[in-house]
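If you're matching them up, the sequences are chains A and B in order. Numbered according to the UniProt record's numbering, the first sequence spans residues 1 to 115. Numbered according to the UniProt record's numbering, the second sequence spans residues 1 to 115.
Read the hints as simulated data drawn from the structure, not as lab findings. A few of these clues could be false.
In this list, chains with the same sequence are indistinguishable; a pair is considered to hold if it fits within one copy or across any two.
With a cut-off of at most 35 Å between alpha-carbon atoms, the simulated DSBU-like pairs for lysine-lysine come out as follows [as the list claims (entries may be wrong)]: (1) K91 / K21; (2) K91 / K79; (3) K36 / K79; (4) K36 / K101; (5) K91 / K101; (6) K91 / K36.
Protein chains: 2
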Amino acid sequence: MIEQTLPAAEPLSCCPSLTMKPLGQDDAVEFARLLKAVADPTRLRLVSLVAANVSNEACVCDLTEPVGLGQPTVSHHLKILVDAGVLDREKRGVWSYYSIKASTLEKLAAFLSPA
Amino acid sequence: MIEQTLPAAEPLSCCPSLTMKPLGQDDAVEFARLLKAVADPTRLRLVSLVAANVSNEACVCDLTEPVGLGQPTVSHHLKILVDAGVLDREKRGVWSYYSIKASTLEKLAAFLSPA
C-alpha cells in the first residue's frame with residue numbers, strides 16, 4: 001500500500017453527513033444557515049402548502065389565507081425560503097409561482113440521517 | 001365503501017412529513033423548535049464530534065478544545081441539544097456523558113425527505 005503523504009483533501013461539499021465524521025466549520029455554517037431558513041413554524045407551513053397544492057406550485061395569493069397572514073409577511077417568508085434554496089420561484093405575468101426544490105430537502109435529510 | 005362521516009382525525013404525531021400534506025400548527029411548532037436547536041454551527045459541530053468519538057459518547061472535557069470555546073458555553077449548547085432530544089445525557093461520577101439520540105435525527109430526516 002502506498003503511503004498517503006499528501007495533506008488530506010478538504011471535505012467535499014457534495015454530501016456531508018452530521019454523524020459520519022467531525023463537521024468542518026464551512027459545512028457547519030452552510031447547514032446552520034439552511035436549517036435556520038426552515039426553523040420557523042410559518043415557513044414550514046408555507047413549504048407544506050406549496051408541496052400539497054394540486055399543481056405542485058403556489059402563488060402568494062394561494063398562501064395568505066391558509067396561514068392567516070398578510071401578503072407582505074408571507075412574501076418575506078417566501079423570500080427567505082427561495083434564498084436558502086428550499087423553494088424555486090418563477091415569475092409569470094404579475095404573479096410569482098413557488099415550487100419545492102426537492103434536491104435541497106434531499107440534501108438536508110441525507111445530512112441529518114444518523115450514520 | 002363506507003362513507004367516512006366522522007371528522008378527520010388529528011394528524012398523528014408519529015411521522016409527520018413536510019411535503020405530504022399541509023402541516024398542522026402543532027407539528028409546525030414542534031419541528032420548528034427541533035430545527036432551531038440544530039440550526040447553529042457550533043451545535044452542529046458538537047453533535048458531529050459526539051457522534052465521531054470512538055466510544056460514541058463524549059463529555060464536555062472532550063469537546064471544548066475542538067470547538068475552541070469555554071466549558072460554560074459548550075455546556076449551554078449541549079443543554080439545548082439535550083432539551084431538544086438530539087443528545088442523551090448520562091451522569092457518571094463528576095462528568096456528564098453525551099451520546100446521539102438517533103431516533104430524533106431519524107424523525108427529523110424523515111420529516112424533511114421530499115415525498
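Checklist entry - From the Cα coordinates, with 35 Å as the cut-off, is the pair K91 and K36 best called within, between, both, or neither? => result Classified as both: same-chain Cα gap 26 Å, cross-chain 31 Å, threshold 35 Å.
Next on the checklist: Checking an output row: K36 and K101, CA cutoff 35 Å. Within, between, both or neither?
Outcome noted: Classified as both: same-chain Cα gap 17 Å, cross-chain 21 Å, threshold 35 Å.
Item to check | Copy assignment of K91 with K101, given that the CA separation must stay at most 35 Å | outcome: within (16 Å within a copy, 43 Å between copies)
Item to check | Within, between, both or neither: K91, K21 at alpha-carbon 35 Å | outcome: So K91 and K21 pass the 35 Å test across copies only (25 Å; inside, 41 Å).
Checklist entry - Is the C-alpha distance from K36 to K79 at most 35 Å within one copy, between copies, in both cases, or in neither? => result Both: 13 Å inside a copy, 19 Å across copies.
Item to check | Intra- versus inter-copy proximity for K79 and K91 (alpha-carbon distance at most 35 Å) | outcome: within (13 Å within a copy, 44 Å between copies)
When the structure is compared with the earlier hints, no violation turns up for any of them.
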